[in-house]
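A.B. asks: Let the sequences and hints guide you as you build the complete structure.
Here is what each chain is made of, one letter per residue.
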Amino acid sequence: MNNILALAQKELRAYFVSPMAYALFGFFALLFGWFYVASMNVMLQFSMGQFGQGGPQVVNINEFMIRPLFGNTAVILLMMLPFLTARAYAEEKRSGTIELLLTSPISDVQIILGKFVAAMTLYGMMLGLTLIHVGILFWYGDPEWGPIVSGYLGLLLMGGSFISVGLAISSMTNNQMVAGLSTFAVLLLFWIINWVGDASGSTTQTVLSYLSILEHFDDFSKGVIDTSHVTYYVSFIALGLFLTAKSLDTARWNG
Amino acid sequence: MVEVEHVTKRYGSLTAVDDISFSVERGEILGFLGPNGAGKTTTMRILTGFLPATDGRARVAGFDVFERPMEAKRRTGYLPETPPLYPEMTVAEYLRFVARINGMPSRDRRTQIGLAMERTNISDMADRYCGKLSKGYRQRVGLAQAILHNPDVLILDEPTAGLDPRQIIETRRLITELAGDHTVILSTHILPEVSQTCQRVVIINRGRVVAVDTPDNLTARLQGSQTLYLQIDAQGADALATLEGVDGVACVTRADTQGEVSGYAIESNHGDDVRRELSRTVVTHGWGLLELRPQQMSLEDIFLQLTTDETAADEAHPVTVTPEPEADTGEEDGVDE
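From first to last, the protein sequence lines stand for chains A and B. Count the first sequence with our numbering and you get residues 1 to 255, in order. Count the second sequence with our numbering and you get residues 256 to 592, in order.
Worth flagging that the hints you see were computed from the coordinates, not collected in a lab. Note that the Cβ used here is the ideal one computed from N, Cα and C, for glycine as well. Possibly wrong hints are sitting among the right ones.
[Claimed, not checked] If you only want the chain B side, here are some residues facing chain A, beta carbon under 10 Å, derived:
#, residue
1, Tyr266
2, Leu306
3, Pro307
4, Pro324
5, Met325
6, Glu326
7, Ala327
8, Lys328
9, Pro338
10, Pro342
11, Met344
12, Ile356
13, Gly358
14, Gln400
C.D. replies: Here it is as structure tokens:
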């Protein structure tokens, strides 16, 4: 446990000493804010009756504002999280510090968990920034808190999956660019994997949409916490971390 | 303290380390000598648990590095070829991190870190960022990291590479000091380093142990056929043929010429002392005898002789795979051995 913490702290300080954390936070806040304003405009126009419903309407703030916002956040994460994890192993391998970690009395699992905890903490802080926006909604409106909590849980689980894929890919290369790009491509593939399903028969389609990483997020943003979706994300994270362990081991044998 | 038995490391069809065995006693300094790409780094990486061996056993402080890696790693301090520093940490923070992952109790950390910094002479660099240090300081921080947890065995991969002459002397002194209660294995391709610091030398070439001995014994052992250096003033006469005619002389080569004065390297047959005969010949011809001395074989010569002998043997058996070990591992640290 102490080793995991030591490593997580070391990772976090690397994020904050470099401009990495600030760039992530800054641009995430900017993009999230932009989507926030955009969906608020849509909601306002709708409530003013500008879509020809005849007069002002009572709109559900969860349905019109928060749900699309969570969906948009998922898109931002898909593009930003690969850069958060790209350096995790690639940099250690490039600079040779991996040799220090692998020759110290600390297990591979501890190294992997340390890095995962650090990335999740940073990601959690990133999400934490958006609580300000949600707070404003509570101040001026009356949203239901249930779907918000489940939405955040969904975001954490989905982000965790992105991070575990990112760690696995970072452990396979010593080039950060390659790691970031490959992670992005793999995540995008998991996103659109069910797009080809429709034409190719129902079983294939079921399987492919089950695999789709975004498909499982929908219910969370609606306020439903379905154990099957939780299971999906947790298994996804576990698989990513397992692949990281395997790839570290393989790299060892192949020198 | 360290036992290596028949360790082999293969990368696919490449054999980086081929059936290496040696052992190191407590408190001893063992020099690991070999040309670039001989398998020094690979052997050290196996000992530190960074790489698993394909075959064979290695024990550090009584613990098998494959079966009880944590126990072995806890008792090993390792300075890789490139000091493994995190550029974004200060020296003190870095050493604190290393202390933590080595499981050092927090109450000991401050004193141990202070001690390690003092010994490696980096105390005034404590608050500098590792990324901003010069090569010499990086090397010393790497060394501080290796000795920090007071390990039984220290494994140093080219500890003096990149240091200036004064730092090299300091580092060698430090290593000699450490040898008292630590066992040290250091690799180098700088020969004088071995004769100055090491009690025993393992010469390795193309993944195989070529010789294991003390530096002095190695020198003595290889003086089978003696070479003499003779400098004479032959006053224009052709001395070469005359010298070759002397009883017991196997081979004469002209080493240098300065006007009338020429120097010759004379190899005698094993066991024959030809010095008396040589001087008599020179004098009877009326030449000036300027210098006659046995040529000491330096460690350099021994090294060359051993490693080239090995090459010759390899060529005689074309089946042997030519190992190019570091071509494989090199891409990871970016630096070849």
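A.B. asks: May I ask which of the numbered hints given earlier this structure violates, with the numbers listed in increasing order?
C.D. replies: Of the numbered hints, all hold.
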